[in-house]
Each structure stands twice: as C-alpha cells, then as structure tokens.
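The chain contents come next:
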Amino acid sequence: KNEVEQSPQNLTAQEGEFITINCSYSVGISALHWLQQHPGGGIVSLFMLSSGKKKHGRLIATINIQEKHSSLHITASHPRDSAVYICAVRRRSARQLTFGSGTQLTVLP
Amino acid sequence: EAGVTQFPSHSVIEKGQTVTLRCDPISGHDNLYWYRRVMGKEIKFLLHFVKESKQDESGMPNNRFLAERTGGTYSTLKVQPAELEDSGVYFCASSPRLAGVYEQYFGPGTRLTVT
Numbered sequence: 029k030n031e032v033e034q035s036p037q038n039l040t041a042q043e044g045e046f047i048t049i050n051c052s053y054s055v056g057i058s059a060l061h062w063l064q065q066h067p068g069g070g071i072v073s074l075f076m077l078s079s080g081k082k083k084h085g086r087l088i089a090t091i092n093i094q095e096k097h098s099s100l101h102i103t104a105s106h107p108r109d110s111a112v113y114i115c116a117v118r119r120r121s122a123r124q125l126t127f128g129s130g131t132q133l134t135v136l137p
Numbered sequence: 008e009a010g011v012t013q014f015p016s017h018s019v020i021e022k023g024q025t026v027t028l029r030c031d032p033i034s035g036h037d038n039l040y041w042y043r044r045v046m047g048k049e050i051k052f053l054l055h056f057v058k059e060s061k062q063d064e065s066g067m068p069n070n071r072f073l074a075e076r077t078g079g080t081y082s083t084l085k086v087q088p089a090e091l092e093d094s095g096v097y098f099c100a101s102s103p104r105l106a107g108v109y110e111q112y113f114g115p116g117t118r119l120t121v122t
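The listed protein sequences correspond, in order, to chains P and G. If you're matching positions, the first sequence starts at 29 in the numbering used here and goes up one per residue. If you're matching positions, the second sequence starts at 8 in the numbering used here and goes up one per residue.
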C-alpha cells in the first residue's frame, strides 16, 4: 500500500462545479504539497502546507494533521483547470517527497 | 530568475544504449533531487544531492544509473546500459536550503523512451 493515497483517480466535472480531491497519508510528515501537471507539461507547485488552510485564487487546500488527511478544492472550475493534481508529502525523517498517484481532472465546457 | 531546466526534453534510444540526462537547478539552490515516473505509476524518488555530495541515493534502482553533480551546480543522470523498464519521465527539482522546509521547484522533465 502506498504511503500516500489520492482519490478519486479520475474526475470529470462540468464547468463551474466545485471540485474536491482528497489525499490521505500514513506517515509522519513535515509538509504536504499539492502539485499540478498539465498534459505534456512540467510540474508546478500549488501549495505547501504544514497545518490549517491556504487559499490562492479559486484554489483552497486544507490539511488535518491528526487525521492525516488533506483536501484540494477548486471553486468555479474551468476547462483550463484540467490537469493531473498530485499530492506529495515530505516525511519528517527525509527531505525528498513521496508522491500519490495523482488525480486526472477533466473540466468540460 | 530562471527556473529548473532539463535537457533533453525527449530521448528515444535502443535497449543497451547509453543516455545522459542533464538538470540545471535554480541558481544558488543547494538541494537537487531526481525523481521519475514510469508508466502507470506514481512519481518516485531517485536521489538527493546537497551541493556536490550525494545525501541520499536510496531510490536509485540499480547500478546502471549514475548521477553526478559537478561543482554543486548542474547534475547529470546517466543510464548505462538502458533497459526497456527505464522508460518514463525523469524530473529534477531543486530547493534553496538544507535546514527548514522549502518548496521544491520542478523542471519540465525528460521523457525517456527505450525501444
């Protein structure tokens, strides 16, 4: 079992819908990252969290350290949000990231 | 400020050949990481440099993979000889300091196809 589990693996939404992607992890962490990868593109960091909640534009990320769970929300989704969203954690004992398998999001116009 | 760059963007080689991937981190970043995603799987860690020293190479799959970081600047990852299962996307990332928790900045990746 992977140390970082994401759900759903695939998500199709209509433009304007509210989207939630979930991430659960099973190890102690110092930080959790949400990353975005567009088709054929590189990886872009969206958020780095160690507690609480962060917001950037239409994106909101939350983390519950006690429950070892994080969510990424997209409000008023748009076709340009279509991408793979990846959750990754930095374990307390390490510097590298451990990744989830990613969520393929498709937003239809 | 220039981001992390990787070269080439795509490489197609035959089984048994050698390929060298290059990563140029953001200037001044001491930490450099190599990751790869093979088909259908999650991205996995390969190794971590701090300046020119290998800090952690626990993710290197076998001795066909050799990474170097000359003078603590750019890094190369050589695969020799390449096998079919080495196909995937190789990402490099860098971060600025050893202590503390910093974001990692990713390069665009090199797509390696071994035929």
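Be aware that a few hints might be false.
Cβ-to-Cβ under 7 Å is the rule here; a few derived chain P residues that face chain G [what the hints assert, rightly or not]: (1) 64; (2) 68; (3) 73; (4) 92; (5) 123; (6) 127; (7) 135; (8) 136.
These are computed hints drawn from the structure, not numbers from a lab. For each residue, glycine too, the CB sits at the ideal point set by N, CA and C.
Q) Of the numbered hints stated previously, which ones are contradicted by the structure, given in increasing order? A) 1, 2, 4, 7 and 8
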